[in-house]
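Asks: So you can see what is in the structure, the chains are spelled out below.
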Amino acid sequence: MAGAHGGPTMRQDLIERARRGDRDAFGQLAALEIDRMHAIARLILRDSGLAEDAVQEALVRCWRQLPKLRDVANFDAWLYRILVRAAADEHGRRRRFVASVQNLRLEPAVADDTQGVANRDELEKVFGRLSLENRTVVVLHHYADLPLPLVAEALGIPPGTAKSRYHYAMASLRAALEADVRIAAVEGVRS
Amino acid sequence: MNVEREITSWLNAEAPTHAPDRLLKIALDRVAVSPRRARCCAVDQWVSAAARRGRC
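Sequences listed follow chains C and Z, in order.
For the first sequence, position 141 (counting from the first letter as 1) is numbered 141 according to the working numbering, and the numbering increases by one without interruption.
For the second sequence, position 21 (counting from the first letter as 1) is numbered 212 according to the working numbering, and the numbering increases by one without interruption.
Be careful, since some hints might not be right.
Unchecked claim - Some chain Z residues close to chain C (C-beta under 7 Å, calculated; not the full set):
| # | residue |
| --- | --- |
| 1 | 196 |
| 2 | 200 |
| 3 | 202 |
| 4 | 206 |
| 5 | 215 |
| 6 | 219 |
| 7 | 222 |
These are calculated hints, taken from the structure and not from any lab test.
We put the CB at the ideal spot given by N, CA and C, even for glycine.
Please take these sequences and the hints and turn them into a complete structure.
Replies: Given below as structure tokens:
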């Protein structure tokens with residue numbers, strides 16, 4: 001999670017100082033990382049409010065757990081892991097809340113429109129329907145630019161599991177995109 | 192069609208470029224009141240209690 005500002009030496013210095021308890025250094029480090037953390041949480045959770053809660057929680061956990069970080073070189077994977085866990089916790093909290101509200105209201109669930117819209121919205125729909133775990137792998141690999149072995153390390157899962165989650169997610173997304181192309185081609189022939 | 196490239200460009204387009212301004216402040220306010228370890232917290236409490244009793 002390389003920060004957008006400041007060189008690697010400055011960043012490493014901030015991590016070291018924050019690890020020793022320097023709150024100002026932690027504030028500067030958080031300022032370097034927060035945009036990327038927020039973007040990743042937003043992509044995974046598909047909800048601005050949840051993403052903000054996840055980032056706040058991740059930064060608090062980061063501050064508390066930083067003394068346990070043994071190797072500063074592993075900071076990025078370590079921070080990704082904290083962020084992804086915080087995102088999963090927020091996601092779980094929201095699901096429990098929604099379930100409890102639905103139980104109270106006793107309303108029938110609205111059927112999902114699986115036909116979809118014939119454009120890129122379909123990609124968003126399919127992405128939103130993937131499990132949180134599968135979305136996380138895709139975001140870390142394609143947005144955070146982590147190779148799959150490092151995604152596995154960041155998530156604390158075996159490399160084979162990361163690979164299978166990735167392939168499942170990509171197959172779903174590929175099918176959505178290819179359907180979109182087919183529909184566009186049919187519409188092109190008609191017009 | 193290169194699906195991997197499509198997904199990457201779609202994610203980059205979807206991702207917010209900046210976190211809301213208030214987010215950093217809220218997070219750091221929470222950090223400011225977060226003790227690092229339970230032991231530190233206990234020591235802090237002991238020192239506060241001792242200070243109230245006028246011992247330090």
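Asks: Does each hint hold? Answer for all of them.
Replies: Quick rundown of the hints versus the structure:
Among the interface hints, the one on residue 196/Z is violated; its C-beta lies about 9 Å from the nearest C-beta in chain C, farther than the 7 Å criterion. For residue 200/Z, the interface hint is violated, since its Cβ never comes within 7 Å of a Cβ in chain C; the closest pair sits about 9 Å apart. Checking residue 202/Z against chain C: minimum C-beta separation of about 4 Å stays under 7 Å; hint holds. Below 7 Å, beta-carbon pairs count as interface contacts, and residue 206/Z has one with chain C at about 4 Å; its hint therefore holds.
With 7 Å as the threshold, the beta carbon of residue 215/Z comes within range of chain C, its nearest partner Cβ sitting at about 5 Å, so the hint holds. For the restraint placing residue 219/Z at the interface with chain C, the shortest Cβ-Cβ distance is roughly 5 Å, inside the 7 Å limit, so the hint holds. Checking residue 222/Z against chain C: minimum C-beta separation of about 5 Å stays under 7 Å; hint holds.
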